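J.: Here are the chains, one letter per residue:
Number of protein chains: 2
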Amino acid sequence: MKGLHIIADLYGCRNRELLASSAMLRETCVAACKAVGLTVLGDHFYQFDGLDEAQVGGATGAVVFAESHLAVHTWPERDGATLDVYVCNVTCDNSGKAERLYGMLAESLAPAESLVERVSRGRDLPLRKKRLAAVK
Amino acid sequence: MKGLHIIADLYGCRNRELLASSAMLRETCVAACKAVGLTVLGDHFYQFDGLDEAQVGGATGAVVFAESHLAVHTWPERDGATLDVYVCNVTCDNSGKAERLYGMLAESLAPAESLVERVSRGRDLPLRKKRLAAVK
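Chains as they are written, first to last, in my numbering: chain A, 1 to 136; chain B, 1 to 136.
The set of hints was computed from the structure by calculation and includes no laboratory data.
A quick note: this is a predicted structure, and the numbers were derived from the prediction, not measured.
Hints are not guaranteed to be accurate.
Straight-line C-alpha distance at most 20 Å; calculated SDA-like pairs for lysine to any residue [as the list claims (entries may be wrong)]:
hint : chain 1 : residue 1 : chain 2 : residue 2
1    : B       : 2         : A       : 114
2    : A       : 2         : B       : 111
3    : A       : 2         : B       : 114
4    : B       : 34        : A       : 46
5    : B       : 2         : A       : 57
6    : A       : 2         : B       : 119
Start from the sequences, fold in the hints, and give me the full structure.
T.: What follows is the structure, given as structure tokens:
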């Protein structure tokens, strides 16, 4: 279950249309996952209503892929968004795909500033003895 | 966009039935989110096939809620799972709900060992000037 998790908090995002549209955000996210070579299994996105006519609603969603997940949440009333890209590296190193996915989405949202943390998750886990016995 | 993100890598999980069933995992996750008072908006879960008859397939999924998301991935062939619980604390402090959700799910998976990291995300963001002007 070793893996790379990119945790990003984005400020001053200039693509306000994307922040405010779950449909557009979904399309952008799923296309980016596929473009970097991740195996998309499904997703769920949701459009929030604005609190009143002066404030548009945000969008939130997650894409589940074979290599783990992407999650995104936006606050258009604050020009903010968060991005999570987690890829497991159990059978191969998917870190490059995670970095490219993060790069594409950050470029789409166009933040003035980003707080980004990269967490190197977990450690190698052996297959269970039963499995090891079975493949002998 | 301040918030709490609990990142957990679980080893030696004793609930192998839960590791191997996306349907059961989905039911457990959604019920736990609701039990701690989070507002579930939707989810997507996926069942992997096992590589051969000696190895059952894992499960993967995400629950999107108004306060952010939960993501879970399992590796039954390694008795392992990862959990991500992220709650934003923009309008109120949801950290207690995140901790209770993590506690319930960890108890369900029953790991022998856990690597848990708590990331205090982001910082307070002011509303845009336009919004501030509108509410005067």
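J.: Compare the structure with each hint and give your call.
T.: Okay, the hints, checked on the actual structure:
1. 2(B) / 114(A): Between residue 2(B) and residue 114(A) the Cα gap is close to 14 Å, so the pair holds against 20 Å.
2. 2(A) / 111(B): holds (17 Å)
3. 2(A) / 114(B): holds (14 Å)
4. 34(B) / 46(A): Judged against 20 Å, a Cα distance of about 17 Å means the pair holds.
5. 2(B) / 57(A): Holds, at about 18 Å.
6. 2(A) / 119(B): The given pair, whose Cα atoms are some 18 Å apart, holds under the 20 Å limit.
Violated hints: none; the structure is consistent with every hint.
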